[in-house]
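K.L.:
The chain contents come next:
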Amino acid sequence: MGNPRLAIARRELGSLRKEKTIVLALAIQLFVAAFSSFLVVGLVSLYDPSAASYQVDVAVTGGEEAVNDLIVAIDGESGLAARPYPSADTAMTAFEERQVDAVVEASTGPNGRVQLVAIAPDSGVETTAVVVRLRDALRTLERNERAERSAFLSTNPLPVPPATESSPYFGFTYTVLVPLLLFLPVFIAGSLVVDSLTEEVARGTLELLRVAPVSFSAVVDGKLLAAGGLAPIQAVAWMALLQLNGTGIDNLTWLFGMVTGLTAVVVTLGATVSITAPDRRIAQLLYSLGVLLVFAGTSLLPLSPANSAARLALGTAGLSARLAVAGLVVVGLVSLVGLRVVVGRVDPNELG
Amino acid sequence: MSDHDSVRDDSTAADSPSSRFEGLRTRVVAHLRAVARIARWEVSRSAGTVDRKTIALGLVAALVAAGIAAGAVGSGVAIDQNLYRVGIASDSPYYDAVDQSSVLEPRPLSDPNVELVVSETHISVADTQTGRAAYQAYREAVQSYNERQMRLEANQSAAFPVVVTLQYRERGALVPAGSRVDGGNGGSAVSGDGSGTADGGDGSGADAGDGTGSAGSGTGVDSSDAAAADDTNIGASSLGGAAGLFGGDASGSPASISPPFPFASLVLAFAFLVPMNFVIQAYGSSILNERVNRRGELLLVAPISPGDIVAGKTLPYLAGMVGITVVIAAAIGGGPVSVAAVIPIGLLFLSSTFVGAMFARSFKELTFVTVTVSVFLTTYTFVPAIFTNVTPIALISPLTLVVRDLGGDAVSLGDFAFSVGPILLAAIVLFLLGTGVYREEDMFTQRSVPLKFLDALDSRISRPRSIATLSALSIPFVFIAELLAIAVLFVLPVDVTVPLVLVAVAVVEELAKSMHIYAAFEKARFARTIRVSLLLGALSGLGFFLGEKFTAIVQLVGLPSLTLGQAAFAPSGIGLATAAGLLVAPLVLHAVTASVTALGARRGKSTYALALVGAIGIHVVYNMQVVTNLG
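Heads up: the protein sequence lines correspond to chains V and G, in order. Counting in this note's numbering, the first sequence runs from 1 upward without gaps. Counting in this note's numbering, the second sequence runs from 1001 upward without gaps.
Hints listed in this document are in silico derivations from the structure and should not be mistaken for laboratory results. Keep in mind that this is a model prediction, so the values were computed, not measured. Note that beta-carbon positions come from the ideal geometry of N, C-alpha and C, so glycine has one too. Treat the hints with care, since some could be wrong.
Pair ranges (Cβ atoms, derived) [stated by the list, open to error]:
| # | chain 1 | residue 1 | chain 2 | residue 2 | range |
| --- | --- | --- | --- | --- | --- |
| 1 | G | Thr1128 | V | Pro159 | 23 to 31 angstroms |
| 2 | G | Gly1604 | V | Leu244 | 38 to 46 angstroms |
| 3 | G | Leu1109 | V | Thr155 | 53 to 61 angstroms |
| 4 | G | Pro1499 | V | Leu208 | 55 to 63 angstroms |
| 5 | G | Ser1256 | V | Gly248 | 30 to 38 angstroms |
| 6 | G | Leu1109 | V | Leu6 | 52 to 60 angstroms |
Required output: the full structure, derived from the provided sequences and hints.
P.N.:
Structure representation (structure tokens):
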């Protein structure tokens, strides 16, 4: 009959397949992941400050000297254009009539400082786009003004290299989206283990073990195998999807190893919690808290899984991130072995 | 649910008005007692499953998690630490800037595995996206390093020669250039005709307003500059807020300006919806527990109606949700409007979890159902709220109301009803459906989810008239599905979205009109004759038509002013007072297409599917006709 563990794992997977809602749930997850990445990368790069397609017109008004400096700074920024207006009133009217996207009123303040009042529209994403560009222009102005006053400074600021085009959400993709997609299946795998074990307890089916030629630890092993095996496959599938989407993913093998190690830790947690507190409500709550603990705890380490995953996927990871993956796999193995010892001492009929 | 049952029951009450009222009162009190008893039992039983060991374990876990979270915030561990490697000599003037940046990792010049090399004379960048991102990070690192150096300067007015005060102003609806005399700060603008969708083409329209064009004689605006037409202004954007939420007016050096986070609604969605996920986990377990090993049987045979049982079991979880929502709303500064807007979402969470737990065969299936529910509802509430200040479509998400409430804007009753109404109705209908299968033959059997769904629909059908009622009750779901389709397709160009929306609308509406007919035929509720099919089809069409009139509230928020809104809702005859004859057309359409599917459903699954495709085809053609004729 072969290995009972494999038989149990097959049975678990079979029940997952039979309940077709899982396909639906996976499809919806796919939809959400695709949609959110489209939303973040697509929609936001629509308003990318360096994209020339969206031009921000800035009405400039106020004292003549300050205005001239301001115009130089604003026109030097790509995607920004300055329009001088004779008075603040006319500038505001133009703003209301949507002929300009922002208004900057300049005057000379105490100590010869340049005083600016900037007015930006209050309308969500557009506001962000306008303010981001305006800030860049004003920082240029600040640099120019600072250079004129360099005689009064003890240290001179370092020359800032010229700006180039780069997606501001490039980092976001790797530091948030990639870890999210890698670790979400891991979380679900542990949750599956909790469900599977608490259900056996709730239905009283573990009592059958007394007459069955299978040990409790074989049952637990089979369940861990089924649930835990799915997570790395899903994670790799997500990464392949990102590849298709044009986001390069490096070090796929290392990422796979990392997810596998983490899955081992998390399914162990799930199994431990369900053996300790076999009521599903309590078990799920404790499990969620425990996972939170694992992820929050590891995020404090200098080589947190999220950070290592980002660097590995980006291809900028050194030896240290790879050592972290190896360490994670070792921790996973140790926790699995520990679980076996614990499970070996538990009488399944005492649960619940 | 108890009041629904009592309302239904009172048709059989005694004759005289006073005794009838008395009877009603006793029944209501009895129902309330039963609900309260079950709620108490649910609470005490849940408390009973928790022993001291688990409480201690949970507390320790929560405390450690909180401690770690506080530690993470305090020590500022960055998720993007050492993301890019920079080759730089340790005596370079830029070394400190690179070293102090958490994103950059300084490496010796000899290291070949770097994204960026900073030598004395030049900077070389790997020609990849990563390289460019690394360069951008390097540039920012140098800027913030300069900033820190300048803060140490004695002469602060020379170090920070520019002081900026940033203000956010709302702009009123788009008004033609020159029609405005005062230079005030918006809000009081002429309400406009609203239909200003993205037709303000940029290139060609740029120099139109110069002389005689639509821009009349301006009020002293520099006419040579006034020409440039602003691009894409969609509808009225009198909704306020997101900028005030996280940005706010600020003053300081240019570097201290922080642009507002554009996805405020995301933060809100997480703040309100994450705790809900914990609650529905427990709630779903509790419902499914009743179904495991026929545990709920004793309760079923007790002299309590299923409605009371469901209400009683739901009440503690609803109370918990309301409590959490109030606390979160208070924490982020929201008022009663925020709470009132979020609670219907909570109800929808509970009701769909309830239906899921009634349908699911195992805990695992329940987990996936729960994940699906929370993912779908989170998308539904979060995505539209992004466009809070852009378009009225955002109002389909109650989170928009929260964003506006936080921004200090008033929320009109019409807006509130539009936003919350469909969700509330959908929650009630879901509870009704689930309560319909809260009976022995469905609770303790292992049937697949679609079969259970048909059972749930069938349990609400007793006579042909019920078909019309069910069609009308499907309206909130139709409404939610169509609005979600619009919200999702909103980002695409109008030429593409209008046909897509028309097809989506046809699919959703035809399904809503025919699924219960199919269920009734499958359960042999009616004779499978042509005459009965036509009758059921006509009734379904009528019920749907009447229910659809409910969508008249769409007008309250002016959604039809959006081209997409018109595409979706004009075919239903809303807002066509000028063409009264067209009012009959949708009724005929619904009756005809529903009859087509009913004829198909009579024969079985495959003919039903075929007939459904046909009906959708007819519906799409009709929609196209209406939209092109009106457009």
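K.L.:
If a hint holds in the structure, say so; if it doesn't, say that too.
P.N.:
Status of each hint after checking the structure:
About 25 angstroms separates the C-beta atoms of Thr1128(G) and Pro159(V), a value consistent with the hinted range of 23 to 31 angstroms. Checked against the given bound of 38 to 46 angstroms, the beta carbons of Gly1604(G) and Leu244(V), roughly 40 angstroms apart, stay inside it. Taking the beta carbon of each, Leu1109(G) and Thr155(V) are about 25 angstroms apart, not inside 53 to 61 angstroms as hinted. The hint said 55 to 63 angstroms for the Cβ distance between Pro1499(G) and Leu208(V), and at roughly 58 angstroms that hint holds.
The supplied range of 30 to 38 angstroms is met by Ser1256(G) and Gly248(V), whose beta-carbon atoms lie about 35 angstroms from each other. At about 54 angstroms, the CB distance of Leu1109(G) to Leu6(V) agrees with the hint of 52 to 60 angstroms.
The structure shown violates just one earlier hint, number 3.
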